[in-house]
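Novice: Chains as they are written, first to last, in our numbering: chain V, 1 to 256; chain P, 257 to 619.
Wrong hints could be hidden among the right ones.
[Stated by the list, open to error] Below 25 angstroms or equal to it, Euclidean Cα-Cα: the simulated SDA-like pairs (lysine to any residue) are:
1) K259(P) with D72(V)
2) K456(P) with E102(V)
3) K77(V) with V469(P)
4) K456(P) with G109(V)
5) K77(V) with L100(V)
6) K153(V) with E119(V)
7) K456(P) with G62(V)
8) K139(V) with E116(V)
9) K130(V) with E159(V)
10) K456(P) with V110(V)
11) K139(V) with G163(V)
12) K339(P) with E349(P)
13) K583(P) with Q566(P)
14) K403(P) with L370(P)
15) K456(P) with G163(V)
16) K272(P) with N96(V)
What the hints contain is simulated information worked out from the structure, not anything from laboratory work.
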Amino acid sequence: MDKTNAIISVKELVKKYDDFTAVQGISFEVYENEIFGLLGPNGAGKTTTLEIIETLREKTSGEIIVDGYSVDKDASKIKRIIGVQLQAAGYYPNLNLIELMELFAGLYGVDIKPMEMLEKVNLQDKAKAKYKALSGGQKQRFSIATTLINSPKIIFLDEPTTGLDPQARRNLWDLIIDIRNNGTTVVITTHYMDEAEQLCDRVAFVERGEIIALDTPDNLIDNLINSGFERQKEVKKANLEDVFINLTGKEWREDN
Amino acid sequence: MSKPYNNTKATLALAKASFRSIMRSPSAVVFTLAFPLIFILVFGFLGGGGVKVDLAIAPGSDLQNPIINAIEQINVIHIVKDKDADEIKAELEKGHIAAVINVKKNTSGTPAYLANVQYTSASIDKGSILKSVLANLMYTLNSKDIKPTVAQLNESTVQGRIYRTIDFILPGQLGFSLLSTGVFGTAFVFFSLRQTLVIKRFFATPVSRASIVFGEGIARIGFALCGAVFIILIGHFFFHFTLIHGVITVLNMLLLAIIGLVVFMGFGFIVSGIAKSESTIPPISNIITLPQFLLSGTFFSIDAFPSWLQPISRALPLTYLNDAMRKVAFEGAGLWDVKHQILIMAIWGIGVYIVAVKVFKWE
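Construct all of the structure, not just a fragment, from the sequences and the given hints.
Specialist: This is the structure we're talking about:
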């Protein structure tokens with residue numbers, strides 16, 4: 001990453017609910033065209049932070065600029081240049097994928113060819129299926145397709161691979177890397193460190209509403225090793241997931 | 257990106273999506289179409305008969321005489337033959353038969369015949385009808401060849417429109433269909449869109465809240481109007497539902513339907529806001545719809561209710577929708593003629609939406 005143009009800048013962000021503080025003054029920047037990971041345990045404030053940047057939630061204090069727009073003043077302009085995949089979001093009932101795509105095209109006010117959008121995430125065969133009838137991996141791919149409708153500058157993916165099998169997960173990684181290679185900035189949250197290590201250019205560790213580390217995965221690992229850390233068990237050249245993929249095949253599956 | 261955002265396009269996209277979704281939802285179709293149609297079918301086939309009084313002919317009674325012949329010509333009376341004395345007695349005691357008649361030739365001269373009629377205390381109201389019909393019949397038979405000495409009665413009937421059961425039932429069913437679509441449909445849709453985070457996902461797009469509400473509203477009104485047209489056409493072509501000015505009457509009814517629906521959807525917004533879970537929606541909705549179903553003149557004219565109940569009936573919005581619908585359909589009234597009813601619905605609408613704005617939840 002030689003380009004370090006900040007497309008999102010978060011300064012001293014605080015979010016207080018009635019009786020507890022979910023986010024206590026965090027600051028970070030996301031650079032243009034990188035995959036930025038927000039990592040941390042459940043309840044650390046990852047989703048809250050994302051939803052404030054996405055203009056879905058009010059902040060208590062702090063300043064957020066997304067591509068030059070402030071979340072306080074230009075929420076609607078920000079919405080037009082971002083794509084959002086929510087954790088566990090539903091879609092309008094009784095509609096098939098093509099019809100849902102048409103709906104979102106209307107909501108974003110853009111003209112798209114629904115079939116082309118579905119092809120991007122390899123769901124063209126499911127065009128007439130209902131969202132409910134999709135497998136976990138297909139649902140996530142469809143969610144990602146809806147985030148791409150308005151050709152956004154930034155997309156936000158909140159735990160997109162939770163609950164997926166190894167093939168579906170790898171397949172989604174390829175999709176996310178493709179999206180980034182097409183010039184979109186990606187902000188992602190995840191619980192899987194192998195995923196963050198593979199996908200993310202930089203990661204921030206969030207714990208109890210604060211950022212406790214922010215760097216490239218390589219630097220963070222090197223720092224730990226330099227401090228004298230050693231794994232209990234010697235690392236082999238492959239892990240059990242590699243065995244799984246090797247045995248069951250990496251090819252695209254109908255039910256992924 | 258420089259193109260300004262188009263709210264109309266978003267609203268229409270939502271309306272289209274919502275309309276498709278409603279059309280594929282079995283419960284919406286059942287509530288809007290099937291229920292009202294079933295009631296219309298039942299009442300449509302029941303109706304038109306008017307009052308019937310069962311009169312048994314006693315075994316051994318003379319059958320070939322002017323009295324029985326004349327009785328057979330009377331529509332109101334349904335003659336029951338071929339029952340023995342015991343059966344007739346049992347039916348009389350239960351009130352299934354209003355009376356039994358026994359006609360005998362008078363062996364001792366004039367009058368030519370003697371007719372004995374025995375009524376039952378189990379069917380007094382029908383018995384009274386029968387009494388006056390028979391009295392009238394006897395008078396006509398006895399005075400056939402006699403000039404009246406005091407006064408001659410000349411009777412004639414004004415040719416009016418036939419007011420059939422369907423003319424009463426159909427507007428009521430239509431009103432109820434609008435009420436249930438408005439309340440249940442709106443409550444369920446907004447509650448489930450909120451629960452399943454569909455609305456949250458919408459909020460991540462530039463769509464405005466007004467577009468979401470209007471889009472849903474347009475779809476529901478469109479669906480309900482399709483249902484209304486369907487119900488009116490079935491009623492008109494199969495059961496002779498009266499539409500005085502034809503298409504104009506239908507259009508007036510549809511405008512009334514929109515007004516009613518907007519008010520009822522307000523109730524739906526309130527229910528979706530106060531319901532704590534999906535399973536509490538039906539009971540809360542029923543609290544709103546059932547009293548109106550029963551008390552707003554859907555099945556019976558509210559004039560038939562006891563006087564203490566009538567003020568309650570006259571406070572409900574569906575009463576005024578039903579009333580206005582009947583006036584428009586049967587009496588050919590224009591919308592201006594039912595302004596009183598529309599005004600009361602409008603007052604309800606304002607009240608309902610004031611509450612709806614307070615209790616409605618987006619997330």
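Novice: Run through the hints listed earlier and report the numbers of any the structure violates, in increasing order.
Specialist: none
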